[in-house]
Structures are given as C-alpha cells and as structure tokens.
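Trainee: Sequences listed follow chains B and X, in order. Quick note on numbering: the first sequence equals residues 1 to 346 in this note's numbering. Quick note on numbering: the second sequence equals residues 1 to 346 in this note's numbering.
Hints listed in this document are in silico derivations from the structure and should not be mistaken for laboratory results. Take the hints with a grain of salt, since some may be wrong.
[Stated by the list, open to error] Only pairs whose alpha carbons sit at most 20 Å apart, straight line, appear in this in silico EDC-like list of lysine to aspartate or glutamate:
#1 K268/X / E182/X
#2 K247/X / E12/B
#3 K152/B / D42/X
#4 K46/B / D42/X
#5 K136/X / D62/B
#6 K152/X / D42/B
#7 K272/B / D151/B
#8 K136/B / E57/X
#9 K247/X / E17/B
#10 K46/X / D151/B
#11 K136/B / D62/X
#12 K306/X / E212/X
#13 K186/X / E199/X
#14 K46/X / D42/B
#15 K69/X / E6/X
#16 K136/X / E57/B
[Stated by the list, open to error] From the derived model, a few chain B residues whose C-beta atoms are all more than 10 Å from chain X:
#17 D53
#18 T66
#19 P192
#20 E199
#21 K215
#22 K272
#23 Q296
#24 K301
#25 E318
#26 K330
Think of the CB as a built atom: it goes at the ideal place given N, C-alpha and C, for glycine as much as any other residue.
Protein chains: 2
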Amino acid sequence: MIEQTEISSLGEFGLIEHLTQNIELQNASSVLGVGDDAAVIDHFGKQTVITTDLLIEGVHFDLMYTPMKHLGYKSVVVNLSDIYAMNATPTQIVVSLGISNRFSVEVLDEFYEGIYAACEKYNVDLVGGDTAASQKGFIISVTAIGEVTPDKFVKRSTAHQGDLICVSGDLGAAYLGLLFLEREKKIYLENPAIQPDLEGESYVVGRLLKPEAKKEIIEFFETHQIMPTAMMDISDGLSSDILHICKQSNLGCVLYEEKIPVAEETKKAAFKFEIDPTACALSGGEDYELLFTIQQTDYEKLTINKDISVIGYMTEPEKGAQIVTKGENKYPITAQGWNHLRKNPG
Amino acid sequence: MIEQTEISSLGEFGLIEHLTQNIELQNASSVLGVGDDAAVIDHFGKQTVITTDLLIEGVHFDLMYTPMKHLGYKSVVVNLSDIYAMNATPTQIVVSLGISNRFSVEVLDEFYEGIYAACEKYNVDLVGGDTAASQKGFIISVTAIGEVTPDKFVKRSTAHQGDLICVSGDLGAAYLGLLFLEREKKIYLENPAIQPDLEGESYVVGRLLKPEAKKEIIEFFETHQIMPTAMMDISDGLSSDILHICKQSNLGCVLYEEKIPVAEETKKAAFKFEIDPTACALSGGEDYELLFTIQQTDYEKLTINKDISVIGYMTEPEKGAQIVTKGENKYPITAQGWNHLRKNPG
Numbered sequence: 001m002i003e004q005t006e007i008s009s010l011g012e013f014g015l016i017e018h019l020t021q022n023i024e025l026q027n028a029s030s031v032l033g034v035g036d037d038a039a040v041i042d043h044f045g046k047q048t049v050i051t052t053d054l055l056i057e058g059v060h061f062d063l064m065y066t067p068m069k070h071l072g073y074k075s076v077v078v079n080l081s082d083i084y085a086m087n088a089t090p091t092q093i094v095v096s097l098g099i100s101n102r103f104s105v106e107v108l109d110e111f112y113e114g115i116y117a118a119c120e121k122y123n124v125d126l127v128g129g130d131t132a133a134s135q136k137g138f139i140i141s142v143t144a145i146g147e148v149t150p151d152k153f154v155k156r157s158t159a160h161q162g163d164l165i166c167v168s169g170d171l172g173a174a175y176l177g178l179l180f181l182e183r184e185k186k187i188y189l190e191n192p193a194i195q196p197d198l199e200g201e202s203y204v205v206g207r208l209l210k211p212e213a214k215k216e217i218i219e220f221f222e223t224h225q226i227m228p229t230a231m232m233d234i235s236d237g238l239s240s241d242i243l244h245i246c247k248q249s250n251l252g253c254v255l256y257e258e259k260i261p262v263a264e265e266t267k268k269a270a271f272k273f274e275i276d277p278t279a280c281a282l283s284g285g286e287d288y289e290l291l292f293t294i295q296q297t298d299y300e301k302l303t304i305n306k307d308i309s310v311i312g313y314m315t316e317p318e319k320g321a322q323i324v325t326k327g328e329n330k331y332p333i334t335a336q337g338w339n340h341l342r343k344n345p346g
Numbered sequence: 001m002i003e004q005t006e007i008s009s010l011g012e013f014g015l016i017e018h019l020t021q022n023i024e025l026q027n028a029s030s031v032l033g034v035g036d037d038a039a040v041i042d043h044f045g046k047q048t049v050i051t052t053d054l055l056i057e058g059v060h061f062d063l064m065y066t067p068m069k070h071l072g073y074k075s076v077v078v079n080l081s082d083i084y085a086m087n088a089t090p091t092q093i094v095v096s097l098g099i100s101n102r103f104s105v106e107v108l109d110e111f112y113e114g115i116y117a118a119c120e121k122y123n124v125d126l127v128g129g130d131t132a133a134s135q136k137g138f139i140i141s142v143t144a145i146g147e148v149t150p151d152k153f154v155k156r157s158t159a160h161q162g163d164l165i166c167v168s169g170d171l172g173a174a175y176l177g178l179l180f181l182e183r184e185k186k187i188y189l190e191n192p193a194i195q196p197d198l199e200g201e202s203y204v205v206g207r208l209l210k211p212e213a214k215k216e217i218i219e220f221f222e223t224h225q226i227m228p229t230a231m232m233d234i235s236d237g238l239s240s241d242i243l244h245i246c247k248q249s250n251l252g253c254v255l256y257e258e259k260i261p262v263a264e265e266t267k268k269a270a271f272k273f274e275i276d277p278t279a280c281a282l283s284g285g286e287d288y289e290l291l292f293t294i295q296q297t298d299y300e301k302l303t304i305n306k307d308i309s310v311i312g313y314m315t316e317p318e319k320g321a322q323i324v325t326k327g328e329n330k331y332p333i334t335a336q337g338w339n340h341l342r343k344n345p346g
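Using the sequences provided together with the hints, build the complete structure.
Mentor: Listed below in structure tokens is the structure:
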C-alpha cells in the first residue's frame with residue numbers, strides 16, 4: 001500500500017515545487033520555465049501557435065475507469081493535437097489544476113507522470129501553470145504553444161472546390177472504448193464482486209484512454225513537401241468536423257462511407273454493441289486523427305503513406321455536405337456528435 | 001426584465017460564435033484569432049511571455065457579490081499583471097470557461113463585456129479558448145501571452161544584496177474590500193430585507209472587484225531606462241511575495257513598516273474592523289501592485305514617480321527576512337497569506 005500524503009502538508013508553493021522539481025527544459029526556445037510570474041519563450045523568428053482546453057471531471061472524464069497517469073498524458077495530447085492540426089510543432093505547455101481535497105500528493109504524482117511522459121514523447125516543455133483548490137471534482141486546463149514558419153500554418157477556411165478530403169489512421173475506436181468502460185462501470189456498480197471484462201478490447205479502450213497526436217503526419221508533410229489546403233483534428237467526430245471545414249471554407253463535400261477507415265477491432269466491438277461502425281466514425285469523436293484537404297495534384301505523394309485515406313472531395317457550396325453509403329444512397333451529413341450518441345448508445 | 005436565453009439553445013459552437021463575433025484584432029502580432037484549432041501569433045523577433053490562472057467559483061470569487069462584468073475584467077487583469085511583472089507587454093489572451101446550466105447567454109454576455117473592456121484598456125486581443133459544461137460552479141481559465149525584447153525580462157531570482165525594495169501604489173485595500181462584502185453577505189443571508197451598506201467603502205471594494213494591472217509602471221521603466229533587478233506582482237500579500245524574491249535570489253531583506261504605502265481609505269476601513277492596516281498590507285493579497293528591487297544608483301530616477309515607494313532593501317541571506325515596526329522592533333517576516341487572514345478575520 002502506497003503511503004498517502006495530504007496536499008495541505010506541502011502547501012500550494014510546496015506542491016508546485018514538488019511536482020515540477022525534476023523538469024529539464026528540452027527546447028532551446030524555453031528561455032524561462034516554471035517558478036516565476038510567467039514563462040519566457042523565444043521562437044527565433046517563427047510564429048507562435050496557441051491553443052487551450054478545459055477538462056472537467058464528470059463531464060470530460062470519469063476517474064472510476066481513467067488511471068491518473070493516462071489522464072495526465074491525454075490532457076497534454078489533446079492540446080498537442082490542435083497544434084499539429086495547424087501544421088505546427090508544439091514546443092511548450094502550461095498546466096493549471098483545480099484539486100479537491102480528496103486527492104493525495106501521490107495521486108497527483110501519477111497524473112504528472114503522465115504529463116511528463118507526453119512531454120518527453122512529443123519533445124515539449126512544461127513551463128508554467130497554476131494550482132487551485134476546487135470545491136468539487138478535478139479540473140484540468142492545458143494551454144499548448146507551438147511554432148511554425150511564417151505562412152506555413154494551415155487553417156480550416158482555405159479548402160478549395162475539388163480538393164481531396166483525407167483522414168489519418170482510423171476512426172470510431174475511442175467511442176467504442178467508452179461504451180465498454182461505461183458498460184463495465186455499470187456492471188461493477190450493480191455488483192462490485194464482478195471483475196471488469198475488457199478481454200480483447202485493448203485497442204478501442206486504449207484509443208480512448210491513451211490517444212496519441214499525429215506528429216508523424218505533420219513530419220510526413222514536411223518531408224514530402226505537402227501543404228494541406230485546410231486541416232483540423234477530429235475531436236467531435238468526422239461529421240461535425242468536416243462540417244466545420246465546409247462552413248469555414250464556404251464549400252460542400254461528398255464523403256464515401258466505404259472509404260472511411262475503421263479498424264477491424266472497432267468493427268468487432270461495434271458488432272458486440274449492435275451499432276453501426278460508420279456511425280461511430282461519423283459521430284463518435286475523441287479520435288484525434290487529422291482531417292485535411294489537399295489539391296488533387298498532390299494525390300500521388302500521399303499514396304506511399306498507408307496511414308492516410310482519401311475519403312471524399314470538396315464540392316460547390318450549393319451541393320451541401322453529403323455522404324454516399326455502401327448501398328450507394330446519398331444522405332446529408334449532420335453534426336450529431338458524441339453527446340448525441342452518448343445519450344442514445346445503440 | 002432582461003430576457004434569458006438558455007445556452008443549450010445555441011449549442012457549444014453557436015455560443016462561441018455569439019460571444020466572439022464582434023472581436024476586432026488590435027495587435028499586428030495577432031495573425032489568426034478565434035475559430036480554428038489554435039491561434040497564430042507573430043512576435044517579430046521578440047520573446048514570448050506566457051502565464052495562466054485558474055479561477056473557481058466558491059474558492060476565488062463569490063457570485064453573490066461579484067458582478068459578472070467585473071469578474072470578466074478581473075480574470076483578464078490578474079493575468080496581465082503577471083505579464084507586466086516580467087517587464088513585458090501583454091498582447092493576447094485565451095479564455096476557457098466551465099459553465100453550469102444555471103447560466104444564461106445574457107449572463108455570459110456580461111462576463112464577456114468585462115473581458116472585452118479589459119482587452120480594450122490594455123490593448124490585448126482575445127484569440128482563442130474553450131467552453132465546457134461544468135457540473136457545479138463557474139470555472140475560468142485565462143492564459144495571457146506577452147512580448148518582451150530579448151533579455152529585457154525581469155525574474156524573481158536576480159535581486160542583489162543592497163538593492164532597494166519598492167512597491168507601486170498602495171497595499172491592503174482589496175482585503176478590506178473583501179471583509180466588507182463578506183460582512184454584508186452575512187447580514188443579507190440572515191435578513192434579506194436589509195440592503196447592503198458599503199457607504200464610503202467604494203475605494204477598498206473597488207480594489208477587490210475591479211483591480212488594475214500596473215501597465216504605467218512598466219511604461220515608466222521604459223521611458224526612464226530603469227531596469228528592475230527582480231520583480232513580481234503582489235497577489236498573495238507583501239509578506240509571502242517578498243519571501244519569494246528572497247528565496248529565489250538567495251538573500252534576506254529588511255522592510256520598514258512606516259514605509260509601506262497604505263491608503264487613507266484602507267486605514268479607515270481597517271479601523272472599522274479593528275484590525276491592523278499593516279497586517280492587511282502584509283497578508284491581505286489581491287493588490288496586484290508590483291514589487292521590485294532596483295540598484296541603489298537608480299534611486300534618483302524613481303523619486304519623480306509618486307506611485308512608487310521604497311520600503312526596504314535586500315540583505316545577505318544570513319539575516320533572513322525582517323520587518324522593522326513603527327515602534328522600532330524587528331520581527332521575522334512570515335508568509336501567512338490571505339487564507340490565514342480569511343480564516344481569522346480580525
């Protein structure tokens with residue numbers, strides 16, 4: 001049994017010192033890190049990219065089935081994903097926590113282990129933050145900073161008619177991971193003697209609990225001199241997110257169901273819940289894959305990357321956003337998103 | 001009676017659009033603002049300064065006596081204060097909110113009015129953020145970005161023995177503002193028919209509810225080519241904050257009680273509560289004045305600024321941190337801070 005240290009025994013400043021004492025700054029741009037009023041960053045003539053996310057216990061995560069280390073890792077990754085989605089490279093993060101008194105120092109150490117693991121993997125420095133008491137629940141606010149060569153960043157609003165729509169990796173897995181964990185939680189709450197049965201579901205559960213940001217896709221663009229015309233990360237589900245690109249680029253689109261990449265593990269999991277794997281890909285969310293458009297002339301360059309699928313193309317705005325099903329029917333794409341599915345799983 | 005619009009009627013994206021639709025970016029460095037995965041900032045060769053704060057209802061503010069507009073304004077100002085405390089100029093903010101379902105769109109509009117008022121006053125652009133549901137209470141996370149000419153930023157750790165210790169403005173007022181508001185809240189809760197009596201207390205109440213960041217002090221340094229040797233803002237109280245400079249600069253200090261600036265209004269207010277005004281200055285916190293050290297040779301340059309008081313000097317570390325009272329007694333300075341006072345008001 002691990003000894004539990006009350007946070008109040010360290011005090012706010014002692015706690016920050018404890019959690020940040022082993023930081024070694026990795027980026028030359030990290031001029032000054034934790035421990036002052038603010039951090040100082042030198043981007044050496046590059047432009048700064050900044051994004052922020054707020055995660056609230058009971059809304060964005062459930063500590064009953066989310067290990068603290070995974071939660072720390074994911075809190076960082078979801079922000080880095082937004083930086084990559086600008087075609088930029090993340091360099092620093094600041095992390096603020098609201099902590100209720102039910103947490104011990106050891107539990108926060110686990111959370112920070114996850115933060116540091118993500119920092120190491122993505123070569124990012126933790127340079128500041130804030131800790132506060134919360135009356136209820138665990139609150140995480142992460143802001144990520146990145147850098148980009150001027151005019152290399154990619155917006156959502158700059159797709160052109162005829163551009164190909166692409167996604168990295170595969171979609172829908174994280175949502176099925178959530179369904180499994182919610183099911184096991186329900187069973188456990190009804191009968192705590194029953195052990196969780198996640199046999200064979202490690203892929204979908206892993207995609208939910210420990211997502212990765214698509215660093216290697218951005219590196220692939222750089223190496224092969226591919227400049228996407230528009231890009232974003234898939235956090236709310238393919239439907240909702242392609243509609244952002246359509247709306248902001250003032251275009252329509254056609255997606256082909258048969259082209260949407262879904263992993264075998266995801267299909268099997270969807271089968272168990274008797275739901276449509278495509279619906280999970282369209283509305284599940286939390287996949288953190290990249291959704292981007294490219295000029296048709298770049299198509300050849302993409303074919304060597306097995307992690308990229310072309311799933312449709314951009315059209316004139318009058319055609320709206322449509323999906324062609326495997327049965328060759330056309331339906332309008334609507335943004336239902338995660339919350340819709342969550343309320344009506346199946 | 002103002003019509004109240006449920007937030008759910010707009011949806012998350014509709015809400016963000018509603019709250020940010022009138023933004024006009026003021027800084028040339030704000031290349032891309034709200035509405036994409038991340039914002040893009042060009043600092044044109046300057047270094048980036050970044051700080052973040054998390055404010056939680058019931059811990060950092062009480063909506064019973066805090067108008068939403070003031071809260072929005074203050075949420076920004078407390079972060080800008082940290083940027084100025086680095087001798088830097090704030091340029092952008094990102095704001096994340098956790099909102100419970102008891103808030104209406106109109107209430108959030110008021111909050112954003114305060115945000116925008118602070119942005120306008122300090123010439124800062126709102127370039128991004130996140131909105132999330134909260135299960136309980138209002139949660140505010142603000143991250144501020146600033147810029148500074150390389151090597152012009154001022155840390156806490158670089159004071160030298162013999163340097164003069166200075167503060168801007170006056171101290172202790174915000175804490176007395178809090179005491180008045182807490183007193184009136186208690187009276188109201190016991191008997192809602194009694195109207196709040198804050199007659200004559202507008203100065204101390206104003207210092208709590210609508211603090212300002214000390215932009216003009218940083219401009220004064222620039223104009224008169226004064227480079228503080230160490231600096232921070234006073235958020236936790238003079239005692240706690242001077243101890244940060246002592247610890248991080250590995251020095252001791254001597255403060256003179258009679259030199260600590262306290263406004264007449266603050267003294268009068270302290271008298272009503274039968275507490276020592278100096279104790280409020282030392283441990284009250286939330287003053288957002290600047291605490292800084294300068295070389296003795298810069299003393300003459302300071303004398304023309306009536307808003308700056310010299311209150312002591314830095315000593316060798318062996319002497320510790322001490323205060324000389326008006327009665328010429330010496331006491332060690334201890335960090336009791338706001339929370340201590342709050343628990344034992346008077």
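Trainee: Decide, hint by hint, whether the structure agrees.
Mentor: Going through the hints against the structure:
1. K268/X / E182/X: holds (17 Å)
2. K247/X / E12/B: Satisfied, since the Cα-Cα distance of roughly 16 Å is no more than 20 Å.
3. K152/B / D42/X: Given pair K152/B, D42/X holds - Cα atoms ~12 Å apart, limit 20 Å.
4. K46/B / D42/X: With Cα atoms ~7 Å apart, K46/B and D42/X stay inside 20 Å; holds.
5. K136/X / D62/B: holds (15 Å)
6. K152/X / D42/B: holds (12 Å)
7. K272/B / D151/B: It is violated: about 47 Å lies between the C-alpha atoms, which goes past 20 Å.
8. K136/B / E57/X: Within the cut-off at roughly 10 Å; holds.
9. K247/X / E17/B: With a Cα-Cα distance of about 13 Å, the restraint between K247/X and E17/B holds, given a limit of 20 Å.
10. K46/X / D151/B: At roughly 18 Å apart (the allowed maximum being 20 Å), D151/B and K46/X satisfy the hint.
11. K136/B / D62/X: Status holds; Cα separation ~15 Å.
12. K306/X / E212/X: Roughly 17 Å separates the two Cα atoms, so the pair holds.
13. K186/X / E199/X: Since the Cα atoms of K186/X and E199/X sit roughly 17 Å apart, the hinted pair holds (cutoff 20 Å).
14. K46/X / D42/B: holds (7 Å)
15. K69/X / E6/X: Answer holds: K69/X to E6/X is near 19 Å, not above 20 Å.
16. K136/X / E57/B: Between K136/X and E57/B the Cα gap is close to 10 Å, so the pair holds against 20 Å.
17. D53: For D53/B, whose nearest Cβ neighbour in chain X is about 5 Å away, the distance does not exceed 10 Å, so it is violated.
18. T66: holds (16 Å)
19. P192: holds (24 Å)
20. E199: Nearest chain X Cβ is 32 Å from E199/B, so the label holds.
21. K215: The claim stands: K215/B keeps its Cβ more than 10 Å from every Cβ of chain X (closest is about 15 Å).
22. K272: Label holds. Min Cβ-Cβ 29 Å, cutoff 10 Å.
23. Q296: Answer for Q296/B: holds, closest chain X Cβ roughly 24 Å.
24. K301: The assertion about K301/B holds, with a minimum of 23 Å to chain X.
25. E318: Since the minimum Cβ distance to chain X is about 23 Å, E318/B lies beyond 10 Å and the statement holds.
26. K330: Holds, since 25 Å exceeds 10 Å.
Hint violations for this structure: numbers 7 and 17, all remaining hints satisfied.
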